Amino acid sequence: MSKKTALRRLIITGASLGIAGMALTGCSTDQGGGDENTLTVATNGGDPMLAVISMFEEANPGVSVDVRDSPENYQQVVATQLTGNTAPDIIQVFPGNGNNLSVAIAGDRGYLADLTGADWAANLPESALELLTTDDGELVAVPMTFSSIGGIYNQGAIDDLGLTPPSTWNEVLQFCAAATDAGKVAYGLGLSDTWTTQLIPYALTATLVYGQDPEFVQHQLDGETSFADSAWRQALEQYLEMAEAGCFNTSPTGTPYSNVQQAIVDGSTLATVSVAAETETIGRLGPDDLELTFTAFPATSNADETVLSATTGPSFAVNAATSKQELAEKFIAFLAAPETQVAYAEAYGDTAALPGDLEQGTSVSAVVAEYVERNQTAYWPDQLWPTTAVQPALFDGVQALFSGQNDIDGVLQDLDDAFNG
Amino acid sequence: MSGAVPSTPVVHKGMPRSKRGAAGSRAPIWFIAPALTAYAAIVLVPNFQGLGFSVTDWDGFGRDWSLVGFDNFAGLVGDRNTLRAVGNTILLTAIVTVGQNLVGLLLALGLHSQVKSRYVLRLVFFLPVVLTPIVAGFLWKYLLAPTGTVNQVLEAIGLGALQQNWLGDPDIAIYSICVAIIWQGAGYSMVIYLAGLQGVPEDTLEAAALDGAGPIRRTVSVVIPLINGAIVVNVLLTLISGLKQFDTVFAMTEGGPSGSTETMATIVYKTAFTLLEYPTALAQGVVLTVIVGVLAFAQYRLTQRKALA
Amino acid sequence: MNRYTRRTLALEAGLILAAAVFMVPFVVLISVALRDTNAPIGFLGFTWPLNFGNLAIAWTESAMGASLINSAVITITSVVLIILLSSMAAYTITRRTARWSRGVFYLFLAGFLFPGQLAMVPLYLSFAQAGLVGSPIPVILINVAGFLPFAIFLYSAFLRDLPKDYEEAAALDGARPSRAFAVIVFPLLRPVTGTIAILCALSVWNDFFTPLLYLSGGSSATAPLSVFKFVGLYGAQWHLVFSALIISVLPILAAYFIMQRFIIRGFASGLKG
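Protein chains in written order, with our numbering: chain A, 1 to 421; chain B, 422 to 730; chain C, 731 to 1003.
Bear in mind the hints are in silico, worked out from the structure with no lab data behind them. Source: prediction; values computed, not measured. Careful, some of the hints might be misleading.
Calculated lysine to any residue pairs in the SDA-like style (CA-CA distance at most 25 angstroms, straight line) [what the hints assert, rightly or not]: (1) Lys-894/C to Glu-623/B; (2) Lys-537/B to Ala-629/B; (3) Lys-894/C to Asp-500/B; (4) Lys-894/C to Val-643/B; (5) Lys-894/C to Arg-447/B; (6) Lys-537/B to Lys-894/C; (7) Lys-537/B to Leu-814/C; (8) Lys-894/C to Ala-828/C; (9) Lys-894/C to Pro-449/B; (10) Lys-894/C to Ile-645/B; (11) Lys-537/B to Met-989/C; (12) Lys-537/B to Ala-828/C.
Given these sequences and hints, build the entire structure.
Quick look at the structure:
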């Protein structure tokens, strides 16, 4: 290779690739405007959506749905796209408050189209309506699931030990003791992934706090109560009581949640407290005969008192700036249809928000239906918290409790400080 | 910044300087234009726009904003979390800069030799660099879990007593992260040191060997001064990437447990996207930029002076 | 000096030992990728026999083929542009002795300081206004501009060490300066060019956030986007995720292996300080 040709060859390569790049551009600049008959959908974990779009495409010949999934950095990416007016036509949003793509924030900024008066809106339960409506009174999203938190048990593994899922707090501690005797971990805890820190507190406070007083957050806002003065204290104490009773794996602060999932599959861990959709996720990891049982997680000695922590889950909104308003609303109506809802919930491993009269196949939905029937469900509090600082304070607080960096008084104090801004 | 710059060359290794006025000084000025244009448009302008927003209350998401002066910065002074993040960042940077350069240089020296497996080994040590830092972080999280490979191996070789809660113990977690970063970055430094060693003339080494200098003395007194360019580059790069470290930390601990591995970069991210306090995040970003600038400049001046000595 | 002595043997043994330690995380990566989920897990996580089927599943399920091509186009275009722009700029910066050239050098160095978060939103808004979101152009431009400080810094450090005798001889022969650069200087920079090419290719290839933001979900996904999309769909099925990951880094490894010989060939023989 002569010296002269080295640079020349480089320049030729560059030029030809530049042209190739341009050519690539030509056929892919379809964000924003684009094809009249293609609907773009932003999802955060797109599996359940993929399970239902073919139904829409079959019912609407000529229309195609393009799912744009961002399992990572979803809020950041789509919020930036909304600001730049390049976001997809349909957007997955989060009920209530909490992040840039939550109804309270994106909706109040006018990024989401008003869906008030849609046919399906009449079927919405009051609790969902509240979480999906902006301050201006506009309903902006259709909910897909009613998501709950509870115990997920490897049924085969507990059968082998002759155990059953506990239904009172004492039974929880007995369950832990029996598991330890058998050389197993009772409840897997992977606090290294911060989102899992809140699961047991939410499950316990459903019964101890929010079930007792559904208006608890409002009373906090009014200054009538606080984290420190409520049964949140008891919930955290019980959390640590479980740790002392040997319910958890060793060193939960260093354990990734994926280890917990794996340990449940192989039966070395009997259970975990998590979101109901995890029955599907964990189930997919294991062999076909892996049976997972979902139950509400008790907090008191009376099984009838147990309240299920459950709330409106993933929801979808129309981008206010879409040029395909009509098609987008048609898609939203499709999402609200019972057939779609049930298929979506099944793929998600959860209960549909608007199942109509349709039978739901999952074991989770049977449990949830029972608690809805008895009116013993409580929402996830973070959706109503007034500042975005409370949830991170809870994450940090739980990790601090388990790594000895703080005590319950300190954590409750931090939570109250975060709540009051 | 450029006002304080001395007119000595950045890297000077005692080579006789050429006469001025030859081809060198006629290097075409337009050669700079394409790079400068791209750099100004894509790096300088948007960063200064971002910098400008740090004195407003724009939240990065809405459509309105107004000037608030230095309020965003005032909130940072004495903020416990910000201070802890600065401390962690400096600790992490110090360990990684020293560790990665030491390992990288030793590997480069070892592989710039007649060792038969050198081509394969260069590939082996470079392998970790190929992984995305996020992925490397996840991999190490897997290895360092309480029941992970590291603890298993310790158990297997009879050192079970040394088992640790590597990422869950607030006193250890940051050091565990440093190991992962050095593991991933050593090959990167090695490649730059190897390129530097290519420029060391064989006969210089031979002359030193004939003088009876042992391998260690030969390395320290002959080779090191000759690859000063590579050293300056490497130290500056590890220093800067350490100060801006985000991906590995976030993948391994998300800054936890309970903030004990929070760095400046993770705190900027959390402030912006978890707490949604975008203006504060911009202010933290500006503080980070200033810290990086001051330390990088100090280091640069220091190594440069050493190079002239 | 160049003989393989007993000391070289000791060095070799030491390096191989170090390499073995370095490889442990990769062994785990591979053991998970090739795991049979129904078999008992052995030492370092291996199951026996190795299950290469996972790689095949990951390849088809992640539709990695198209992404690899997209990644290759973006990476090669970016690398070529970076090498051209930065070697030219660095040449003039180091060879000109005027004050402004030093100023320009420090201006480029300032690029090291900015954390990514400052420019993200303003830059996105500009590209959105220009209608370029969804195309690979912003990704290429951002990568090129973002890598310029590093490349110029590296080229400058090595250019300052490079004697000017050859260029000066060429100038005396009446060659234009741009020709002297192309014919004489640029080939002499080969080890640095190789180093920059591989490190730059790597960072462009692995870049996750820029393509995510600009190409999100569109038809021109890159390899890391496909891996993460795959993570989204397959959750904690680590054997498939790690398989996809291995596929996605193979091209860049091959590039390094080829580039390595290019780097190692070194300064043209005959050129000695």
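For each hint, the structure was consulted:
Proximity of Lys-894/C to Glu-623/B is assessed by CA-CA distance (about 20 angstroms); at most 25 angstroms being required, the pair is judged to hold. With a CA separation close to 23 angstroms, the supplied pair Lys-537/B and Ala-629/B stays within the 25 angstroms bound. Between Lys-894/C and Asp-500/B the alpha-carbon distance is near 54 angstroms, which puts this suggested pair outside the 25 angstroms criterion. For the given pair, Lys-894/C sits about 23 angstroms from Val-643/B by alpha-carbon distance, which is consistent with the 25 angstroms threshold.
A hinted pair counts as satisfied when its Cα atoms are at most 25 angstroms apart, and Lys-894/C with Arg-447/B qualifies at roughly 12 angstroms. Under the criterion of a C-alpha separation no larger than 25 angstroms, the hint pairing Lys-537/B with Lys-894/C is inconsistent with the structure, at around 35 angstroms. With a C-alpha separation of about 35 angstroms, the suggested pairing of Lys-537/B with Leu-814/C is violated against the 25 angstroms cut-off. For the proposed pair Lys-894/C and Ala-828/C, the alpha carbon gap of about 17 angstroms is at most 25 angstroms, so the pair holds.
Annotation: proposed proximity of Lys-894/C to Pro-449/B holds, straight-line Cα distance about 16 angstroms (limit 25 angstroms). Annotation: proposed proximity of Lys-894/C to Ile-645/B holds, straight-line Cα distance about 23 angstroms (limit 25 angstroms). For the proposed pair Lys-537/B and Met-989/C, the alpha carbon gap of about 19 angstroms is at most 25 angstroms, so the pair holds. For the suggested pair Lys-537/B and Ala-828/C, the alpha carbons sit about 47 angstroms apart, so the restraint of at most 25 angstroms is broken.
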